[in-house]
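Undergrad: Can you make the complete structure from the sequences, with help from the hints?
Each chain, letter by letter, is given below.
There are 2 protein chains.
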Amino acid sequence: MTTINKQIHLVRRPVGEPTEACFALVEKTLGDPGPGQVLVRNRFLSLDPYMRGRMDEAKSYAQPQALNEVMVGATSGEVLVSNHPDFKAGDTFAAKFGLGWQTHAIVKGEHIIKVDASRVPLSYYVGLLGMPGATAWYGTMKILEPAAGQTLVVTAATGAVGGVVGQLAKAHGARVVGIAGGTAKCDYAVREMGFDACIDYKAPGWKEAFKAATPDGVDRVFENVGGEIFDTILARMNPFGRIAVCGLISGYNGTPMPIANFRSVLVNKLRIQGFIISDHLEFWPQAHKELADLVTAGRLKYRESVAEGLESAPGAFLAMLKGGNFGKQIVRL
Amino acid sequence: MTTINKQIHLVRRPVGEPTEACFALVEKTLGDPGPGQVLVRNRFLSLDPYMRGRMDEAKSYAQPQALNEVMVGATSGEVLVSNHPDFKAGDTFAAKFGLGWQTHAIVKGEHIIKVDASRVPLSYYVGLLGMPGATAWYGTMKILEPAAGQTLVVTAATGAVGGVVGQLAKAHGARVVGIAGGTAKCDYAVREMGFDACIDYKAPGWKEAFKAATPDGVDRVFENVGGEIFDTILARMNPFGRIAVCGLISGYNGTPMPIANFRSVLVNKLRIQGFIISDHLEFWPQAHKELADLVTAGRLKYRESVAEGLESAPGAFLAMLKGGNFGKQIVRL
Numbered sequence: 013m014t015t016i017n018k019q020i021h022l023v024r025r026p027v028g029e030p031t032e033a034c035f036a037l038v039e040k041t042l043g044d045p046g047p048g049q050v051l052v053r054n055r056f057l058s059l060d061p062y063m064r065g066r067m068d069e070a071k072s073y074a075q076p077q078a079l080n081e082v083m084v085g086a087t088s089g090e091v092l093v094s095n096h097p098d099f100k101a102g103d104t105f106a107a108k109f110g111l112g113w114q115t116h117a118i119v120k121g122e123h124i125i126k127v128d129a130s131r132v133p134l135s136y137y138v139g140l141l142g143m144p145g146a147t148a149w150y151g152t153m154k155i156l157e158p159a160a161g162q163t164l165v166v167t168a169a170t171g172a173v174g175g176v177v178g179q180l181a182k183a184h185g186a187r188v189v190g191i192a193g194g195t196a197k198c199d200y201a202v203r204e205m206g207f208d209a210c211i212d213y214k215a216p217g218w219k220e221a222f223k224a225a226t227p228d229g230v231d232r233v234f235e236n237v238g239g240e241i242f243d244t245i246l247a248r249m250n251p252f253g254r255i256a257v258c259g260l261i262s263g264y265n266g267t268p269m270p271i272a273n274f275r276s277v278l279v280n281k282l283r284i285q286g287f288i289i290s291d292h293l294e295f296w297p298q299a300h301k302e303l304a305d306l307v308t309a310g311r312l313k314y315r316e317s318v319a320e321g322l323e324s325a326p327g328a329f330l331a332m333l334k335g336g337n338f339g340k341q342i343v344r345l
Numbered sequence: 013m014t015t016i017n018k019q020i021h022l023v024r025r026p027v028g029e030p031t032e033a034c035f036a037l038v039e040k041t042l043g044d045p046g047p048g049q050v051l052v053r054n055r056f057l058s059l060d061p062y063m064r065g066r067m068d069e070a071k072s073y074a075q076p077q078a079l080n081e082v083m084v085g086a087t088s089g090e091v092l093v094s095n096h097p098d099f100k101a102g103d104t105f106a107a108k109f110g111l112g113w114q115t116h117a118i119v120k121g122e123h124i125i126k127v128d129a130s131r132v133p134l135s136y137y138v139g140l141l142g143m144p145g146a147t148a149w150y151g152t153m154k155i156l157e158p159a160a161g162q163t164l165v166v167t168a169a170t171g172a173v174g175g176v177v178g179q180l181a182k183a184h185g186a187r188v189v190g191i192a193g194g195t196a197k198c199d200y201a202v203r204e205m206g207f208d209a210c211i212d213y214k215a216p217g218w219k220e221a222f223k224a225a226t227p228d229g230v231d232r233v234f235e236n237v238g239g240e241i242f243d244t245i246l247a248r249m250n251p252f253g254r255i256a257v258c259g260l261i262s263g264y265n266g267t268p269m270p271i272a273n274f275r276s277v278l279v280n281k282l283r284i285q286g287f288i289i290s291d292h293l294e295f296w297p298q299a300h301k302e303l304a305d306l307v308t309a310g311r312l313k314y315r316e317s318v319a320e321g322l323e324s325a326p327g328a329f330l331a332m333l334k335g336g337n338f339g340k341q342i343v344r345l
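Which chain is which? The protein sequence lines are S and F, in order.
In this text, residue positions in the first sequence follow the numbering used here: the first is 13, and each later residue adds one.
In this text, residue positions in the second sequence follow the numbering used here: the first is 13, and each later residue adds one.
Be careful, since some hints might not be right.
Copies of the same chain look alike in the list, so a pair counts if it works inside one copy or between any two.
In the BS3-like style, the derived pairs of lysine-lysine whose C-alpha atoms are separated by at most 30 Å in a straight line are [unchecked claim]:
| # | residue 1 | residue 2 |
| --- | --- | --- |
| 1 | 281 | 154 |
| 2 | 40 | 18 |
| 3 | 281 | 334 |
| 4 | 281 | 182 |
In short, the hints are calculated from the structure, not lab data.
Here the structure is a predicted model, which means the values were calculated and not measured.
TA: Okay, structure coming up:
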């Protein structure tokens with residue numbers, strides 16, 4: 013049996029802002045899985061800001077994405093053919109390290125995990141119950157440790173990570189102020205996710221609005237964006253504040269990102285902690301269990317932004333880097 | 013009995029760089045100490061970078077220095093007249109919160125601590141065995157925790173704090189690279205204090221020299237300076253590095269201090285911790301005991317830069333802010 017496997021490759025490294033010309037659709041033929049292997053159909057692909065970093069050749073926390081190979085990415089899907097004792101055709105899975113931007117794959121059974129797609133949708137396993145959810149949980153619970161009486165600020169507030177951060181912090185008693193781009197996202201953060209306030213950084217006078225929304229200063233920050241937004245938050249920090257640096261999306265295209273208010277670190281005795289969730293795999297089961305319990309109990313809103321078909325992945329990815337998504341960006345394959 | 017007390021007051025807040033015109037010498041008359049009080053003669057005054065921050069009106073971690081009052085500062089000296097049961101004339105003391113830039117003072121006995129000036133010089137109690145020593149010890153031992161196999165970088169490397177940091181880190185097995193201004197200081201750091209290398213940031217090509225002196229990158233940073241030097245260090249950080257931010261002297265005059273390499277915090281998962289030693293008084297006894305043991309055993313070099321007479325304090329202070337001191341800056345009163 014042969015299967016046509018559609019893939020998206022990285023064919024050109026971006027100079028500054030990436031474009032669709034960096035990607036190419038490629039078709040490959042797959043044969044039968046060997047002993048211990050499975051042939052799988054990816055159904056959902058996660059698109060995440062970290063992928064932008066992989067497109068560069070620069071030293072980072074991970075190897076660069078190789079040219080003319082399948083773009084990396086988390087996937088969930090179903091098993092088509094199994095030569096591994098733990099799986100049978102029809103099983104739903106999440107891939108341990110992601111199977112990338114492609115419709116199919118043949119991998120060892122050890123590379124996938126059977127998941128229950130009846131309690132939560134299969135797509136959640138590339139988001140809330142995947143890397144983004146674990147990231148939100150770890151940064152909030154293990155770095156920031158928000159508590160009643162504190163004000164927590166989260167940027168990219170309705171994104172895959174930010175939305176979970178804010179809701180977890182609310183559940184632990186903090187006052188939560190989001191920063192997001194556009195009225196629709198900000199309304200959603202307040203009305204649906206229960207944030208105390210959300211500031212639209214695209215609106216004129218947003219810095220004054222942010223100040224007004226944090227009358228007692230800022231104690232905890234979950235930072236996804238960097239640049240001017242981060243600098244504005246730094247100026248509002250309270251003594252002994254903590255900042256978890258999860259992403260700096262505004263600088264991913266190589267734009268210089270000077271910080272003017274670094275003095276706040278000294279004056280306010282801040283702790284800043286950069287982190288990458290792959291360093292903390294031991295917390296994933298706990299994180300995912302708690303998040304699954306919250307979402308199935310209706311106590312956590314989780315929104316997805318779904319692009320249809322593998323071919324739409326490059327465009328959806330580029331739009332996401334500019335804040336075009338509203339909720340976790342995924343592709344239905 | 014009356015005593016003439018010479019004082020230095022802050023009479024004008026600086027706009028940008030402070031000048032001698034910010035200070036004025038004032039003479040006051042002191043009477044006799046009341047019940048429970050002591051009349052003391054300050055013998056040594058500490059000059060420290062933090063005083064620059066106090067001269068401004070801006071919000072910081074401490075109240076601004078009041079205008080037309082004695083400048084704040086740590087002192088040690090001797091008791092002239094005692095109406096307090098714990099002290100007698102001739103006792104040597106260190107002041108708990110400093111008695112400021114003045115020759116004499118009348119204070120409650122509870123505000124001074126009797127110190128042993130036979131084992132170490134009386135002047136050490138405003139430096140190595142005062143706030144700067146505690147700062148160096150806490151930042152090194154409680155924040156950075158240097159270990160064998162690590163490279164620790166300390167700026168203002170021959171200053172009151174930096175010299176102690178580097179020698180403590182060496183004692184705990186780290187490779188230590190200092191950054192200081194001028195050949196004399198760098199030679200001293202390597203030859204006398206045993207640093208593995210010291211880079212003269214005033215020399216052309218110092219960034220290349222710094223890179224060459226840190227072939228395995230940088231794991232720990234004790235930061236006193238900020239600005240371009242800090243940015244250069246950030247670019248050399250290893251994964252999971254830690255940075256203790258003790259001072260940002262290069263920005264104290266309000267000069268913007270943009271940081272370009274903040275991305276290193278994310279990529280290298282750095283922890284940055286600002287701190288002020290007055291938040292950690294509980295560690296002072298331990299810190300001072302360990303430092304006193306090291307210095308009396310000849311295992312810690314401690315250098316002082318001594319200005320003579322209260323009148324020299326403003327000039328010595330201004331010179332220190334530009335790196336003119338070589339070792340702990342004090343004034344013999």
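Undergrad: Would you pick out the hints that fail for this structure and give their numbers low to high?
TA: none
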